[in-house]
Structure formats: structure tokens, C-alpha cells
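Please model the complete structure; the sequences and the hints are all you need to start from.
Number of protein chains: 4
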Amino acid sequence: MSDNYLKSLYDSGWRIIIILAVLLQVGLIPLDFLFNLRSLSWYKTLDLSISLLFFLDLIINIARYKGIKSQALLKDVYWDTYDSGKYFIADILAILPYAVLFSNPWFQLFRLFKWVRVIRTAHFFQMRNLRFSSRISFGLLILGFFHFTHWLSCIWIWIHGFEPGLSNTDNYVQALYWVVTTLTSVGYGDIVPHGNVEMLFTTLLQILGVGVLALFVASMVGIFTKKNPAEQRFMENIDKLRALIHYHKIPKDLEERISDYFTYEWKQKLGYDESELMETLPYGLKNELQFEFKKNAIKDIPLFECVDDHFIRDIAQYLSPMVLTPGDYLFRVGDAANSMFFVQKGRLEALSADESKQLTILKNGDFMGEIALFKSTTRTATVKSIGYSDLYELQKKEFNKVLKKYPEIAEKLRSKSQSREERYM
Amino acid sequence: MSDNYLKSLYDSGWRIIIILAVLLQVGLIPLDFLFNLRSLSWYKTLDLSISLLFFLDLIINIARYKGIKSQALLKDVYWDTYDSGKYFIADILAILPYAVLFSNPWFQLFRLFKWVRVIRTAHFFQMRNLRFSSRISFGLLILGFFHFTHWLSCIWIWIHGFEPGLSNTDNYVQALYWVVTTLTSVGYGDIVPHGNVEMLFTTLLQILGVGVLALFVASMVGIFTKKNPAEQRFMENIDKLRALIHYHKIPKDLEERISDYFTYEWKQKLGYDESELMETLPYGLKNELQFEFKKNAIKDIPLFECVDDHFIRDIAQYLSPMVLTPGDYLFRVGDAANSMFFVQKGRLEALSADESKQLTILKNGDFMGEIALFKSTTRTATVKSIGYSDLYELQKKEFNKVLKKYPEIAEKLRSKSQSREERYM
Amino acid sequence: MSDNYLKSLYDSGWRIIIILAVLLQVGLIPLDFLFNLRSLSWYKTLDLSISLLFFLDLIINIARYKGIKSQALLKDVYWDTYDSGKYFIADILAILPYAVLFSNPWFQLFRLFKWVRVIRTAHFFQMRNLRFSSRISFGLLILGFFHFTHWLSCIWIWIHGFEPGLSNTDNYVQALYWVVTTLTSVGYGDIVPHGNVEMLFTTLLQILGVGVLALFVASMVGIFTKKNPAEQRFMENIDKLRALIHYHKIPKDLEERISDYFTYEWKQKLGYDESELMETLPYGLKNELQFEFKKNAIKDIPLFECVDDHFIRDIAQYLSPMVLTPGDYLFRVGDAANSMFFVQKGRLEALSADESKQLTILKNGDFMGEIALFKSTTRTATVKSIGYSDLYELQKKEFNKVLKKYPEIAEKLRSKSQSREERYM
Amino acid sequence: MSDNYLKSLYDSGWRIIIILAVLLQVGLIPLDFLFNLRSLSWYKTLDLSISLLFFLDLIINIARYKGIKSQALLKDVYWDTYDSGKYFIADILAILPYAVLFSNPWFQLFRLFKWVRVIRTAHFFQMRNLRFSSRISFGLLILGFFHFTHWLSCIWIWIHGFEPGLSNTDNYVQALYWVVTTLTSVGYGDIVPHGNVEMLFTTLLQILGVGVLALFVASMVGIFTKKNPAEQRFMENIDKLRALIHYHKIPKDLEERISDYFTYEWKQKLGYDESELMETLPYGLKNELQFEFKKNAIKDIPLFECVDDHFIRDIAQYLSPMVLTPGDYLFRVGDAANSMFFVQKGRLEALSADESKQLTILKNGDFMGEIALFKSTTRTATVKSIGYSDLYELQKKEFNKVLKKYPEIAEKLRSKSQSREERYM
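Residue numbers (UniProt numbering), protein chains in the order written: chain H, 1 to 425; chain F, 1 to 425; chain Z, 1 to 425; chain G, 1 to 425.
These are calculated hints, taken from the structure and not from any lab test.
All residues carry an ideal CB built from backbone N, CA and C; glycine is no exception.
Take these hints with a grain of salt, some might be off.
Claimed, not checked - Restraint ranges, calculated between C-beta atoms of paired labels, are given here:
hint, chain 1, residue 1, chain 2, residue 2, range
1, G, Phe88, Z, Asn296, 27 to 33 Å
2, F, Asn228, H, Phe224, 24 to 30 Å
3, F, Phe102, H, Pro302, 56 to 62 Å
4, H, Ile17, G, Pro251, 24 to 30 Å
5, F, Phe102, H, Glu276, 50 to 56 Å
6, H, Phe224, Z, Asn287, 48 to 54 Å
7, Z, Arg64, F, Thr225, 30 to 36 Å
8, H, Glu276, Z, Tyr329, 37 to 43 Å
To be verified - Mimicking DSS-like on lysine-lysine, the simulated pairs with C-alpha atoms at most 27 Å apart in a straight line are:
hint, chain 1, residue 1, chain 2, residue 2
9, G, Lys412, G, Lys345
10, G, Lys345, H, Lys66
11, Z, Lys299, F, Lys252
12, Z, Lys396, Z, Lys416
13, F, Lys295, H, Lys384
14, H, Lys252, F, Lys7
15, G, Lys226, G, Lys295
16, Z, Lys267, G, Lys66
17, F, Lys396, Z, Lys286
Laid out in C-alpha cells, this is it:
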């Protein structure tokens with residue numbers, strides 16, 4: 001894996017360099033318009049360097065695209081390469097060092113085509129780092145808003161002209177301040193447009209501003225208020241409980257036990273139900289995912305210590321999770337028996353019929369109720385949860401399917417269950 | 001319970017004291033920056049007192065945390081104690097009386113770590129007082145908004161400097177006025193920033209302001225427009241009725257009867273359906289909740305006067321509620337009989353087959369239709385609701401399960417039903 | 001009914017008079033504070049008249065409340081009378097002519113309690129005139145916003161003092177203009193607060209303004225964009241169609257036929273599905289509603305001309321509506337026959353097996369396919385819709401249930417079907 | 001079709017000319033009020049020309065309406081003609097050249113009735129060009145907003161009077177600038193109302209502005225953020241995946257494979273589920289749509305090359321699509337066989353039982369598994385997807401229904417399957 005990892009690290013590094021180059025370039029273009037930066041040698045050098053970078057990027061992209069096409073897998077293809085000819089043309093057009101070649105600044109606008117790359121690379125990073133995708137959205141929004149106000153500020157200076165007696169920096173800060181004041185509809189009125197051109201520009205800016213700001217704020221609020229599914233489910237449950245106690249008088253104690261259960265469910269991340277995702281997947285991927293989920297839990301059960309992946313893959317489908325709250329009974333003496341249980345986490349006590357004698361304590365990795373799977377019988381002990389317990393249940397029907405395939409595990413189970421039977425039943 | 005109650009009262013009281021101390025402290029810090037409060041003796045005393053309070057709080061929190069851990073139940077743990085080490089460190093850092101120890105005001109910012117406690121304690125109160133949780137959210141929002149504008153006002157004075165010829169109070173009010181004018185995007189323009197620093201601060205404030213205000217307003221509107229589930233269901237029903245009369249000509253009288261029914265359902269809180277909450281609970285809690293709901297209704301039925309909780313717990317699962325509107329028939333002579341009914345509230349009349357003779361009036365606590373449960377027969381009387389009636393229905397199938405377990409109640413029912421049969425059937 | 005109608009007309013008239021009196025009173029109180037209206041005789045007369053009105057209203061309300069209580073039905077009770085003691089007290093407190101009795105204007109604020117009546121009476125009108133309820137909401141919102149700005153304007157004048165050199169009207173218009181400018185966050189800055197009191201008031205006004213305006217705008221937008229269910233369904237369908245043609249190339253002709261069908265469905269109000277409302281109703285009301293819907297359609301069918309309501313009530317449950325688009329086949333020669341059809345609207349042609357011969361044209365009120373209900377057979381003609389057709393289908397199974405109860409209609413059907421059979425089959 | 005096409009082209013052209021005439025007219029009316037355009041000869045000529053156009057439109061509309069009515073189909077009727085008398089009257093009232101006939105400009109307001117036509121024609125274009133309907137909405141919104149601000153600007157000049165020393169253009173630009181500044185609540189305050197009339201107008205404008213802007217921004221944001229159903233489904237799936245990796249540690253490789261699958265699904269437009277639309281259609285249209293979808297896919301299968309539409313219509317209902325991801329097994333040696341498969345796109349390999357020998361490669365248009373449909377057997381080869389594959393599955397049960405109807409295709413299949421059996425099984 002380390003080779004692949006290094007390759008993807010280099011790849012990510014390069015993409016980030018290109019993004020920074022694009023951002024710098026896009027930020028400098030309007031300043032060039034205003035302050036004629038083309039005449040400065042550092043800007044020329046920068047322009048040439050960026051052209052070189054863009055040229056190298058083109059080469060790398062072509063290579064990457066060819067590699068992907070030959071694989072016949074569609075991986076990587078979608079977000080960052082030339083699946084459509086127009087992106088190729090955009091990359092070509094952005095290559096030339098326009099500031100060096102032409103005295104007219106307008107040619108530099110061709111460079112803006114490379115901006116497309118920033119968005120597409122950000123998408124690529126989002127798809128490859130889903131964990132951080134909302135942070136990437138956030139960064140992209142901030143960057144977009146910054147460039148938006150930066151360009152508008154420069155255009156305002158261009159239309160309005162430089163204020164006499166103010167430095168370039170002062171002029172720029174004032175323009176930025178005015179643009180933001182207008183976009184946010186604060187509109188102090190200390191700086192106002194004069195003449196028809198400025199007034200029409202301001203009119204446009206206000207109409208545009210309202211829309212852009214609405215989109216920007218809505219997106220930001222969306223990112224910040226997005227709740228993870230477990231928290232969301234927790235809050236919905238609490239809302240339902242609140243509605244309940246609004247209409248029915250239930251004891252304070254029961255109310256607290258229910259709200260504690262919801263908290264437990266949330267904190268243990270049990271609140272998230274993966275079945276919704278499962279439904280959207282084709283059979284192959286669904287199976288693999290289920291295996292990944294329960295793999296570790298199953299391996300923690302001593303009974304299954306040395307089994308192979310095939311067995312775990314099979315049994316993973318049949319183990320269904322359940323939760324007991326403090327004091328809940330798993331089963332009582334005399335109940336019909338048709339499933340066995342594996343303790344994934346928690347502590348339970350096995351009791352005699354009258355609950356006067358504690359037979360044993362069951363802890364993480366223990367299993368119980370297996371006796372009923374070999375004979376048609378009823379429970380011979382009462383099992384009660386001490387605190388919260390997470391268990392896996394295995395139904396008799398499914399159990400038999402698995403045992404038929406894995407006789408050695410069946411044997412192990414049977415011997416263990418007999419020894420226990422003699423011990424305390 | 002009174003001992004527990006006292007304990008929780010003391011506990012709540014202490015938490016409130018700490019919250020007030022934190023709020024005071026957080027509000028005073030920026031004022032100390034501006035007006036050098038450290039030089040005043042009352043501020044020093046206050047600073048020391050708060051340190052003492054915070055120290056005591058640390059001790060209490062540690063004790064509380066230990067108590068909870070030993071219980072092996074997760075109660076109380078999540079919202080207010082050291083389940084994560086970082087909260088412990090935050091509490092430690094906030095203890096020192098920085099205003100007394102250091103002449104530099106910046107050290108006091110460590111005290112802000114205690115702000116975390118306010119949020120967590122508010123969460124704790126919300127979880128323990130679900131009935132008032134929206135009021136707590138409301139209070140927290142107001143407090144947050146107040147501190148937000150207070151700090152921004154102080155920062156503005158710090159950047160802008162004091163206006164000559166104005167008292168400290170005047171300066172503060174003016175700054176607060178300016179900050180709110182900017183945040184709400186009113187922007188009168190009587191006070192405007194001068195110089196690059198002020199302009200950049202204002203730019204930031206405007207961008208931030210838009211977002212914070214959007215969040216604040218959205219939260220407030222959310223709190224005020226949140227409807228309780230019964231009212232919500234009532235309004236949805238009325239909307240559906242309105243849509244209906246938009247397309248179909250139905251008699252005014254029928255329209256009013258339907259809207260009256262919805263009103264009745266709402267006012268009697270029947271509109272809220274608890275089954276949605278039930279589904280999210282594990283078996284143990286679900287059972288207990290159902291018992292709580294129907295306990296009182298069942299005990300009101302004279303037939304079940306002296307039964308024990310076990311019986312009520314069993315029968316609670318099988319009683320399903322139903323509503324009759326004025327004039328509705330419960331059953332007519334000759335209908336197939338397969339359930340009995342208990343009147344929880346309302347008045348019904350039992351009539352002869354041709355509805356000419358009123359056999360009896362059935363009132364709260366009465367039951368009827370029990371005869372059909374002992375023999376396979378049809379109804380021998382017609383029963384019609386006079387006003388609105390709330391009933392519980394008990395199906396024959398479930399009824400038999402319960403009777404098998406409780407022969408003495410079966411006997412009581414049978415004898416009562418026979419005596420009635422002789423009376424008017 | 002005309003007696004009832006007159007009574008309810010008088011009742012509505014009286015309620016409207018009281019509402020107008022309350023609105024006038026509430027609007028005048030702040031003006032009295034500013035301009036000392038109490039000293040004017042017309043204001044005193046008005047105050048006394050309103051007291052008299054309120055007194056009469058109290059008497060009427062008590063009478064109305066008693067009437068309702070004795071009816072044992074809950075009709076009318078909820079929205080407009082003394083179901084809760086606090087409304088009684090509010091009505092009592094609002095009675096006295098405070099402007100005549102006291103020189104201090106503050107006592108008049110007791111009159112504001114009567115404002116509660118406006119809201120409750122508006123609710124009453126909404127519940128009794130569901131067809132106009134959104135217009136009533138609209139009016140209430142406008143009134144509320146007007147009174148809100150009116151009071152704020154008066155308070156602003158009270159705080160700010162009268163502008164010298166301006167008439168009272170000018171002062172009021174200026175204050176109103178300033179309040180609205182601030183509430184909508186336009187904030188021109190031509191009028192700004194001076195001094196701490198005014199600044200704090202403005203600060204509060206801005207924070208409040210943001211919230212109130214958000215609520216007001218959201219409510220208004222809600223009222224205007226509320227679509228009736230049929231239009232909503234039409235637009236959803238069109239959206240789905242648009243999505244479809246985005247992904248699949250389907251012939252323009254088919255696209256237009258589908259969009260035409262949706263338009264037809266909408267315009268014929270078939271798009272609204274009443275079953276959703278039905279589900280929320282208890283059995284009695286549900287039955288009655290279904291009867292109302294199909295009553296007229298069934299009576300239009302010549303076969304059922306002289307039947308009684310009992311028959312219609314029974315058959316209404318079994319007739320299920322269906323739509324045919326132009327050119328659609330209802331059935332073809334040889335199809336298995338297990339239902340008959342009634343043409344509610346439209347034109348269909350019965351054709352011979354090879355579709356070369358038109359046997360007959362079926363129009364509104366005609367029925368067909370009845371032969372198959374008496375014998376187990378297949379269709380002996382092909383039936384095709386010429387334009388759009390609305391039909392009712394009656395399944396064989398349900399048909400038999402109905403016929404058993406109404407032998408005379410069965411006989412009519414059988415004779416008609418035989419005569420037709422001879423005609424063209 | 002070309003004749004129809006030409007007709008609809010002429011029709012669309014005419015409608016667009018009328019729309020442009022209406023827009024011009026509506027834009028000029030307020031300018032006529034301000035600048036007395038009626039006295040200019042070009043305006044008179046324009047007014048007469050527009051009257052002529054409107055008259056011709058009336059004639060055309062009547063003809064179109066008659067044509068539609070006689071068709072007995074409801075096509076075209078709803079959006080653009082005289083289905084309701086009021087539109088006829090509106091068209092009549094808008095015909096007269098008021099600017100020529102009357103010196104009083106107020107009469108021209110009758111012309112505004114024609115504005116109704118713009119909205120209705122836009123609706124017509126939307127219904128006939130669903131693909132572009134959001135662009136049409138966008139255009140309509142922009143136009144509406146432009147006319148709204150244009151009229152308000154003219155009204156402001158009318159109330160405020162011309163600024164002395166400014167040209168007409170300057171006056172108009174200033175008014176437009178002021179209106180937009182107010183509507184967007186920027187409110188610089190460089191232009192403010194003076195006097196009661198202006199203040200009241202501004203007050204109204206602000207209240208109106210808030211509402212109109214909220215509607216305008218909400219509509220615009222709605223148009224821009226509307227996602228097509230496939231993209232929406234893609235993003236929901238990615239959200240679910242993100243939630244999953246938030247709670248469970250799954251290998252990076254599996255995460256990428258799942259996200260790749262979602263991307264594939266989206267890009268191949270498989271993400272859009274047409275079944276939702278199907279449900280809303282009556283039987284006839286549903287059938288036709290399904291035929292259109294699968295027609296081409298089925299014709300690409302060599303086995304069905306020369307079949308007629310009847311067969312495709314029948315089989316289209318039974319073919320259900322499925323997707324395999326790279327490496328997924330379609331079936332393995334020994335699996336029970338009860339369906340055959342057609343490769344629509346992709347590459348699969350048929351392998352021997354131990355997967356050591358590649359029997360054949362299956363490509364677009366190939367079919368497999370057909371042997372199992374003639375005998376009750378198990379799979380004799382293992383089939384595995386190389387890349388992503390789109391297949392159609394045909395269940396044995398449905399297959400038999402089709403074969404019974406088309407014996408010649410059954411024969412073809414049987415012979416082909418036998419020859420293959422001999423080849424590699």
C-alpha cells in the first residue's frame with residue numbers, strides 16, 4: 001500500500017500547487033489592470049513560471065487520463081481530467097504567458113479558464129476525502145467570496161478612479177469596504193456613486209449582491225447546521241419524548257430513563273442506521289460492506305477466534321444487533337428458546353428461576369442460550385442486563401444453515417454448551 | 001423521593017450560581033481591557049471570589065464524576081462532567097484569578113474556557129427539564145447574542161478610541177448602537193469607520209454579521225413557530241378539509257361537523273400519536289410506557305378495580321382506543337360480535353332493534369358487548385353515541401389470552417354479563 | 001335553514017362591529033398618550049360608546065356560552081367564548097371607559113386585553129369559512145403589522161419629542177417613515193437617534209425588527225405561494241416529466257401527450273386525492289363524505305334514476321373512478337370480463353373485433369360490459385375512448401353484493417343487457 | 001412532420017413578436033406619462049402598429065381557439081387561448097391606439113391587460129418546451145423585475161419631480177438607482193424623500209420591496225439550485241456514505257469503490273428512476289413510455305434484430321435492468337438457474353468452475369444463461385464482470401409467457417443455445 005500511498009501523496013501535492021497558482025493568478029489579474037503590473041519584472045517572471053506550471057499540468061493530465069482510459073475502470077476519471085474535450089481546450093488556452101506577450105491586459109482573461117480546474121480539483125478532493133468534504137466546501141466558499149469581492153473592488157476602482165491624496169492600499173481597502181457594505185446591504189452612505197455609470201454599476205451590484213449573498217449565507221448556514229445522522233436521530237427522538245410528556249403525565253423517573261437511553265444510543269453511535277445506504281448498493285458491494293462492519297465484533301468472540309473470513313462473511317449476514325437498558329430481561333426461565341446471543345459489550349447476570357441466586361456474570365465476548373439451539377427446549381436460567389448491553393442475536397433457523405457449512409464450529413459450540421450445562425443448570 | 005429531590009435542588013442551585021459567575025466574568029473581561037478595571041479593589045475581590053467558586057466547582061465536578069462512574073450506569077455522565085479530559089483542563093485553566101496576579105489583561109482570556117460550562121450545563125438542564133427546553137434554548141440564544149454584541153462593541157471602542165467629550169457610558173452605548181446597526185444591516189451612516197483598520201474591521205463585521213444574524217433569526221423563528229404535534233396535526237387536517245371543499249361541493253353542515261371533529265381531537269389531545277416514539281424504544285422501555293399510559297384509564301373501569309399491576313400491564317397492550325362522533329353507531333342489532341368495549345369518557349345509549357326503545361344509558365366506566373365474547377353470537381342491542389365518546393376496544397382473540405391467565409376476572413365478567421343479559425336482553 | 005342563516009348573519013355582524021371597535025380603540029390609545037385626546041369631547045363620547053359595546057358583547061358572550069354548554073355538543077365552544085376563565089376576566093377588564101374616568105392615560109392599557117378577542121374571533125371566522133381562511137390570515141397580518149408600526153411610531157415620537165416647526169401630521173408621518181426605514185433595514189440615515197435613550201431604543205427596534213420582519217415576510221410569502229393540492233400535484237408531475245426527457249430521448253409527440261394528460265387531470269380537478277383526508281376521519285364521517293362525493297354522479301346514470309339514498313350509499317363505496325386518454329382501449333374482444341363501467345363524462349366507441357365496424361357510440365350516463373357480470377364470459381366487443389373519458393368501474397365481486405340487496409335493480413340491469421346483446425352482439 | 005413543424009415555427013414566431021410588442025408597450029407607458037411621448041410622431045406610429053398587431057393577434061387567437069374546440073381534444077387549449085371569456089375581453093380592451101385617440105395618458109393603462117398574454121404565452125412555451133422551462137422562468141423573472149423597477153422609478157420621478165440641472169436620462173438613472181437601493185434595503189441615504197407624500201411612498205416601497213425581493217431572490221435561488229434528479233440522488237448517496245465512514249472504520253479502498261459506483265450510476269444517468277412518473281400515468285400512456293425506453297436497447301440485441309414492435313412492446317415490460325461493478329459475479333457454477341441475461345453495455349468473462357479457464361468474453365448485445373430456461377438445471381459456467389456492466393434480466397416465468405406468443409423467436413433461441421452448449425459447456 002505504501003507505494004500507492006506515496007503516489008497519491010505526490011499527486012495531491014501537485015494538485016495543490018496548481019490550485020495555489022491559479023488562485024494567485026486570478027487574484028493578480030485585476031490588479032494588473034489597475035496598476036499595470038506587466039511593467040514590473042517580478043510579475044513577468046511569475047507569469048512565465050505559472051505558464052510553465054500550467055504546461056506541466058497539461059502533460060500530467062494527459063498522462064493521467066491515458067492511464068485511466070487503459071484501465072477500463074472508470075476510477076478517477078470523472079472529476080479531474082479530460083473526459084470532455086472542453087476541459088482540454090480550457091487548459092490549453094490558459095497556458096500562454098499573456099502578460100509577457102501582450103501589452104493589452106485583456107488577453108489575460110484567457111487565464112481565467114484555469115479557474116475551472118480549481119473547482120474540479122476541489123470536487124476530486126471531496127470525493128477522495130469524504131470525511132473532510134464539508135471543510136473543503138467551506139474553503140471553496142470562502143475563496144469564491146473573497147475573489148468575488150476582490151474583483152468587484154477592482155472594478156469599482158476602475159470605474160470610480162483613484163481617490164486623490166490616498167495611497168493605492170487606502171484606495172483598495174476603501175473599495176473593498178464599500179463593496180462589502182453594499183453587498184451586505186448595510187449601505188452607510190459615506191461613499192456613494194456619482195454619475196450615471198457608477199449609479200448603474202451600483203444598481204447591478206445591489207441586485208447581484210442580494211442573490212450572491214443569499215446563496216453564500218444559505219450555503220454557510222447549511223454547512224454549519226448540517227448534523228450528522230446520529231445526532232439528528234437523537235434530536236428527533238428527544239423531540240418526540242418532549243411531545244409525549246406534553247400530553248401524558250409520566251413519572252419523572254421513566255422520562256429520565258428514556259432520555260438516558262437516547263443519549264446512550266447516540267454516544268455509542270448506534271443511532272446511525274446504515275441500512276439506508278445498503279439499499280442503494282448492488283449486491284456485491286453490499287455484501288462486502290456488511291462483512292467489514294461485523295468482522296471485528298465477530299473476531300472478538302472467543303468461540304470464533306480462529307475461523308477464516310469465509311465463515312465471518314456468512315455469519316455476518318445473520319447476526320442482528322440488539323440493545324438492553326439497565327434492568328431489562330434478555331429472557332426468563334421457561335421462555336421458549338429459539339436463538340442464541342453474543343455479548344459484544346456490557347455485563348449481564350444469569351439468575352435462577354426465583355432470581356434469588358446469581359449463577360454467573362456474562363461479559364464481553366461471552367455467549368449464551370446456545371443450548372436451546374441443539375434441542376427443542378425452554379430457557380433454564382433468567383438473564384438480566386446490569387447496565388447497558390450490546391448483543392448480537394443469532395436465530396435458530398439461520399444458525400442451522402451456518403452450522404451445516406461449518407461442522408467444526410458446530411462441534412466446538414456443542415462441547416462448550418454441554419460443559420456449561422453441567423456447570424450450573 | 002424527597003431526599004433525592006432536595007439533592008437535585010441543591011445541585012441545580014449550584015449550577016446556576018456557576019453560570020451566573022461565568023456570565024458576569026465573560027461580560028467584565030472586555031470592560032477590563034478598556035477601562036483597566038484591575039486597578040479597582042471591587043474588581044479584585046470579585047476576581048478572587050470567582051476563582052474560589054470555580055475551584056469549588058472543580059471539586060464538586062470531580063466528586064460528581066466519580067459517583068457516576070461507580071454507578072456503572074451512564075446517567076448524568078454526558079452533559080456536564082469530565083467524560084473527556086479536555087473539559088477537565090478547561091476547568092483547571094479557568095481557575096486562576098488572573099486580574100489579581102497579572103497586570104497584563106490578556107491572561108484573563110483563559111477564563112473564557114469556563115464558557116464551555118455554560119453551554120454544557122444548559123444542555124444538562126434541557127435534558128433534565130424537557131418541558132422547558134425551548135425556553136432554555138431561547139435564553140441561551142439571547143445571552144449569546146448579548147455577549148456577542150457586547151464584545152464587538154468593546155472591540156470597536158478599542159479600535160476606534162474614545163470619542164472625546166463623551167462619558168464612558170455614552171461611548172459604550174454609541175458603540176453598541178453602531179454594532180447593532182451594522183449587524184442588522186440598517187447602516188444609518190451617522191457613525192462610519194475611518195482609516196484602513198476600522199474599515200477592514202467593519203468589512204469583517206458585516207460579513208460575519210450577515211451569517212450570525214441569519215443563524216440567530218432562523219433559530220428564534222424556529223423556537224417561536226415550533227408547533228406541538230397535536231396542533232400540527234390539527235392544522236394539517238384542516239388544510240386537507242380546505243382542499244376538499246375547494247374541489248367538491250359538500251353541505252355546509254357536513255363541513256362543520258368534520259371541522260368540529262378535528263377540533264375535538266385536538267383539544268382532547270387525541271391528535272398526538274405516541275406510537276412513533278414507541279417504535280424507537282427497546283422492548284423493556286416500550287412496555288413500561290404503555291403501562292403508564294393506560295394505567296389510570298383501566299383503573300377507572302369498575303370491573304378492574306382491585307386488580308394488580310400485572311393484570312393491567314398485560315391488558316394495556318390489548319386495549320385499542322377509538323372515538324365516536326355524535327350520532328355514530330357503535331354496533332347495531334344483528335352485527336357480528338367479536339369484541340367488547342369500555343367507555344372511558346362520554347355517553348352512549350343502548351337501543352332496541354327498531355331504535356324505538358332506549359334500553360339503558362352507558363356512562364364513564366361502563367362496559368358493553370361482553371356477552372359476545374363468551375358465546376359465538378350477534379349483537380342483541382343497538383348502541384349509539386349521544387355526544388363524543390372515547391372508548392377502548394378489546395378484541396375477542398386477545399381477550400381470551402388474558403382471561404386464561406386471570407380466571408378470577410373471567411368469572412367476575414361472566415357473572416356480570418349474565419345478570420345484564422337477564423335485565424334487558 | 002333560513003332562520004339559522006339569519007341568526008348566524010346577525011352573529012357575524014356583531015362580531016365584526018366588535019372587531020372594528022377594538023381596532024379603533026387600540027389605534028387611538030397611543031395617540032391619546034401623545035396628543036392628550038382625553039380632553040376632547042368626541043374622544044370621551046367614543047370611549048363611552050366603546051364601553052357600552054364591550055358591555056353588550058360581554059352579555060352576548062355569556063348567553064352564547066350558556067347556550068353552547070347546554071347542547072352537550074362541543075360545537076362553537078372553542079374559538080370564541082369563555083371556555084377558559086381568563087378570557088372572561090380579559091373581557092371584564094376591557095369594559096371601563098378609562099379615558100373618561102382617569103386623567104392618567106396609562107389606565108387605558110387595560111383596554112388592550114380586548115385585542116385577544118380580535119385574534120379569537122378571526123380564528124372563529126377561519127374555522128367557519130375555511131374557503132376564505134387564507135384571506136383572513138392575510139388581513140390579520142396586515143392589521144398586525146400596521147398596529148405594530150403605528151405603536152412604534154408613537155413611541156418614537158414620545159421618546160424623541162416633537163420636531164419643532166412641523167405639524168402633528170408631519171411628525172407622525174416622519175416617525176412612521178423612520179420606523180419602517182429601520183424595520184426593513186434600509187436605514188437611509190437622514191433621521192438618526194441622538195442620546196443614549198434613543199440609541200438604546202433604536203438598538204432594540206433593530207433587533208426586534210429583524211425578527212418581526214422575518215416572521216411577517218415568511219408568513220406573507222407562505223400565503224402567496226401556497227398552492228392548492230391539484231396544482232401542486234400537476235407541477236410535481238410536470239417536474240418528473242421534465243426529468244424524464246432530460247435523460248431519455250422520447251418522441252416529442254409522446255411528451256406532449258403526457259403533458260396534455262397532466263393538464264387535463266389538473267383542470268378537471270382529478271389531481272386532488274381526497275383519500276388522504278378520509279384516513280383521518282372516524283368511520284361515521286368517512287361514510288357520509290363518500291356518499292356526498294358520488295351521489296350526483298350516480299344519480300346521473302339513467303339506470304339508477306329512481307333509486308333511494310340507501311342504494312347510492314351502498315354502491316358509492318364500490319365505484320372506483322378511472323380515466324382514459326384519447327385512443328386508449330377500455331377492453332378488446334376476447335379479454336376476460338370481470339367488471340362493468342359507467343360513463344360519467346366523455347365519448348367512447350364500441351367496435352367489432354377487427355375494429356372495422358363501429359357498433360355504437362357511448363356517451364355520458366351510458367354503461368357497458370354488464371353482460372359479463374351475469375355469465376362467466378369474455379368481451380364480445382372492443383371499446384375505445386374517442387377523447388378523454390371519465391368512467392366508474394364496478395367489479396363483479398362487489399357488484400354481486402349490491403345486487404343481492406337490491407333485486408329490482410338487478411332485474412332492470414339484466415333486461416337492459418339482454419336487449420343490447422340482441423342489438424349488436 | 002415537416003409541415004407541422006413549419007406551422008409550429010410560424011406560430012412560435014408570431015407569439016414572440018406579440019410578446020416583444022407587449023413588453024415595449026408596457027415599458028413605454030410610464031415614460032409617456034413623464035415625458036408626454038404622445039406628442040411625438042414616432043410614438044403615434046408605434047402605437048398604431050401595436051394596435052394593428054394586437055388586432056391580428058385577436059383574429060389569430062379566435063381562429064386557433066375554434067380549431068382546437070372542433071378537435072374535441074383538449075390540446076393547446078389551456079395556456080394560450082380563450083377558454084375563459086375574461087381573456088377575450090382583455091385582448092379586446094388592449095387593442096385601441098389610446099395614445100393616438102386620447103390626450104389623457106391614463107387611458108393607456110387599458111393596454112396593460114395585454115400583459116396577461118405574456119404570462120400565458122410564457123406558460124405555453126414552458127409546456128411545449130419542458131427542456132427549457134427553467135430558462136423561461138428565469139427570463140420571465142428578470143423581465144418582471146425590470147418592469148417592476150422601471151415603473152417604480154417613473155412613479156418616483158412623477159412624485160419627486162425632475163431634479164433641476166439634470167438631463168432626462170440622468171433623472172431616470174438616479175430614480176432607478178434610488179429605487180433599487182431602497183428595494184435591496186441598502187439605503188445609502190444620499191437621496192432621501194422629503195415631505196409627507198414622498199415619505200409615505202417610500203414607506204410603502206420599503207414594505208413592498210421586502211416582500212417582492214424575498215419572492216424574487218427565493219425564485220432565483222430556486223432556479224439555480226434546482227438539481228436534476230440523478231445529481232440529487234448522487235449527492236444523497238454520497239451523504240449517506242459520508243455518514244457511514246463517520247461511524248465505522250471501513251477500508252479506504254472499499255470507500256472509494258462505493259463512491260466510484262455512485263459516480264458511475266450518476267454519469268450513466270442510471271440514477272434517475274422513471275418509475276415514479278410511470279405511477280401517475282394511466283395504463284395506455286404508461287405502456288407506450290416503457291416501449292420507448294427499451295426499444296433501442298432491445299433492437300441492439302442481435303437475437304431480436306428483425307422482430308416487430310409488437311414483440312418489443314411485450315418483452316419491454318419484462319426486462320429488468322441491473323448493474324454489476326468490476327469483479328462482481330453474475331452467477332457461479334452450480335447456482336440455481338431461473339433467468340437469462342442480455343448484455344446492454346460492458347464486458348463479462350465466462351469462466352470454468354475453478355475460474356482457471358476463461359471460456360469466452362461476453363460483449364454488448366450478447367446474451368447468456370438461456371439454457372436454464374429450457375431445462376430445469378443449474379449454471380454450468382461462472383460469469384464475472386470485468387468492468388461495469390449494464391444488463392437486462394429476463395425471468396423464466398415471464399420468458400415463457402413471451403415465448404408462447406412468439407414461437408419463431410423461441411426456436412431461434414433454442415437453436416442458438418444448443419450450438420453454444422456444444423461449444424464450451
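Outcome of the hint check:
no.: 1; hint: G:Phe88 / Z:Asn296: 27 to 33 Å; in the structure: 30 Å, holds
no.: 2; hint: F:Asn228 / H:Phe224: 24 to 30 Å; in the structure: 27 Å, holds
no.: 3; hint: F:Phe102 / H:Pro302: 56 to 62 Å; in the structure: 58 Å, holds
no.: 4; hint: H:Ile17 / G:Pro251: 24 to 30 Å; in the structure: 29 Å, holds
no.: 5; hint: F:Phe102 / H:Glu276: 50 to 56 Å; in the structure: 55 Å, holds
no.: 6; hint: H:Phe224 / Z:Asn287: 48 to 54 Å; in the structure: 52 Å, holds
no.: 7; hint: Z:Arg64 / F:Thr225: 30 to 36 Å; in the structure: 32 Å, holds
no.: 8; hint: H:Glu276 / Z:Tyr329: 37 to 43 Å; in the structure: 41 Å, holds
no.: 9; hint: G:Lys412 / G:Lys345; in the structure: 23 Å, holds
no.: 10; hint: G:Lys345 / H:Lys66; in the structure: 21 Å, holds
no.: 11; hint: Z:Lys299 / F:Lys252; in the structure: 21 Å, holds
no.: 12; hint: Z:Lys396 / Z:Lys416; in the structure: 17 Å, holds
no.: 13; hint: F:Lys295 / H:Lys384; in the structure: 25 Å, holds
no.: 14; hint: H:Lys252 / F:Lys7; in the structure: 15 Å, holds
no.: 15; hint: G:Lys226 / G:Lys295; in the structure: 30 Å, violated
no.: 16; hint: Z:Lys267 / G:Lys66; in the structure: 19 Å, holds
no.: 17; hint: F:Lys396 / Z:Lys286; in the structure: 26 Å, holds
When each numbered hint is compared with the structure, a violation occurs for hint 15 only.
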